[in-house]
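With the hints as constraints, model all of the structure from the sequences given.
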Amino acid sequence: MTQPQPILQLEECTIRFGGLTAVSKLSFSIGSRELVGLIGPNGAGKTTVFNFVTGVYQPCEGRVTSMGIPLHRKKPHQITRMGIARTFQNIRLFPSLSVFDNVRAAFQRRLKGGLLRTLWRGKSFHEEEAKVAAEVMDLLNIFGLEQVAHQPSKSLPYGAQRRLEIVRALATKPRLLLLDEPAAGMNPTEKTELIKLIRFIEDRFELSVLLVEHDMKVVMGICERILVLDHGVLIAEGKPETIKCDPKVVEAYLGHKC
Amino acid sequence: MKPKLLLLTFLLAAFGLQIFSSRLDSYVVGIVIKVGITIVLAVSLNLINGHTGQFSLGHAGFMAVGAYTCASFSMKIGSQANDAFGFLSPVLRLNISFFIFLLAGGLTAAIAGLLVGLPSLRLKGDYLAIVTLGFGEIIRVIVINTPSLGGALGLTNIPAHTNIFWSLAFAALTVYVVGAAVHSTYGRGFIAVHDDEIAAEATGINPTRFKIRAFVIGAFFAGVAGGLGAHFDQNINPEEFGFMRSIELVVIVILGGMGKNVGVILAAILLTVLPEYLRAFNEYRNITYSALLILLMLLCPQGFAQIWSGILTGFKKLCKK
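Chains as they are written, first to last, in numbering that gives the first Met the number 0: chain A, 0 to 257; chain B, 0 to 320.
Please keep in mind that the hints were generated in silico from the structure rather than gathered at the bench. C-beta: ideal position from N, C-alpha, C; glycine also. Possibly wrong hints are sitting among the right ones.
For the chain B half of the interface with chain A, some residues (derived, Cβ under 7 Å), not all of them [stated by the list, open to error]: (1) K3; (2) A179; (3) A198.
Now the structure itself:
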């Protein structure tokens, strides 16, 4: 039996902004149904990694592949359609759309008909719309957002907005979910709920998660494997317990011992 | 099925009005035709500027492309085409060749929209506004320097084909197309692009495709409206498709409420009818008009759509009691 293709594979990826090397020779891979954390001190290049995986930047050297298909020169929306969805560090919802419509907008990649079918409004159009509406409500039900489905998304409390952004990403049916600091600005109770939520998502939707996070409690609570980045270099990789005691990691976060 | 039935009802109503139009006051009929044309222009611009959030100042340019194409067709091959479709006219009591020329004008404008859209949609906000403004001016200057289009004098003696049916029918069709395009799972893409392009891309929406679709549909209807206007006024000249025409339309969209079709329709009606009523004030007309605009923006900064939804919620409350 052949080894299944990794969902995400980075080989020797380097990205420079002018003279600054933000990420240098980074290699790692994420397999099916893995919960991986990406940590590192401020400015280590975590968000940059996200941005070149999702096509916002192009790596200067190296290769990024998903299921064996290179992501080189693909636009962000094409990468999303390949099954890699993301959320943002600062929540980016569609403020003028309702909660329901925010999720519905993400069903684009699964629509069969285009503009003409939308304008004609025949039988197939109504069937598809009904199917989409049912699936959206299912998703909202799972995440406890069904009560607020028709409220404007900007009126939601912070934690619910975060959840909605995750729901919207899930609506694109991803194989890999990239979460950029989902616990930022959350209180301890919300964080505990978030840990449960992410574990639940992995189980329910059978996907892999790559998590960038500062909060160690959240990272240690969720991830099976952790990658540590410092100044754009991968300095450690392994299980949470080994990472905690790794001298290089301690040094990156706390500095030298005098 | 509901929106399609509504469209059909409107088309039939327009046809009915057309049959009785000879008994109506021709001044009123003229204003109604103008209102219809303005609705076509404003609602199609609303798709670009309001729903999709791309600030375009090129609508007068698209209008000019449609007006000149349509007018040239009906002046050069109009009579032959009339003969060819003559057998249909007694049955339908409608000028089929004019309909085809209007579509031709719309399609030419749509192609112009595509050509402008492809390179310039990499730009955002003010920069896009400047490019579309430039496009409008280019069209105007090209027309001035083309003798076969009448140069600076324009085209005169265009046959008076536009009647109340064509004007209102296309107004209804524009509202239907823009409304149907936006109110669907597919159409949420336009609004997603308006709200946050980066987030839209992250949810698998191709912003460029939606922007170009908006520009092409918007330009098509602007072209049709240009054709309607040309066959109503019976003469066109490059000056009426200047930058101020685009600004006027943008004002209607903003006053109506960006991305709110009902509000934009109300604004289109008001801003067409109001100047006619203000004729009584003669030289104070423009001052009164501007003062009213300022007053309206102060009272309802989100446009007429705000008033409209206010009336709706008030009505619902009354019903509950």
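Taking the hints in turn, this is what the structure says about them:
A cut of 7 Å between beta carbons decides the hint on B/K3: the least distance to chain A is about 6 Å, and the hint holds. Against a cut-off of 7 Å between C-beta atoms, the interface hint on B/A179 holds, since the closest Cβ of chain A lies about 5 Å away. For B/A198, the suggested interface contact is upheld, since its CB lies about 4 Å from the closest CB of chain A, less than 7 Å.
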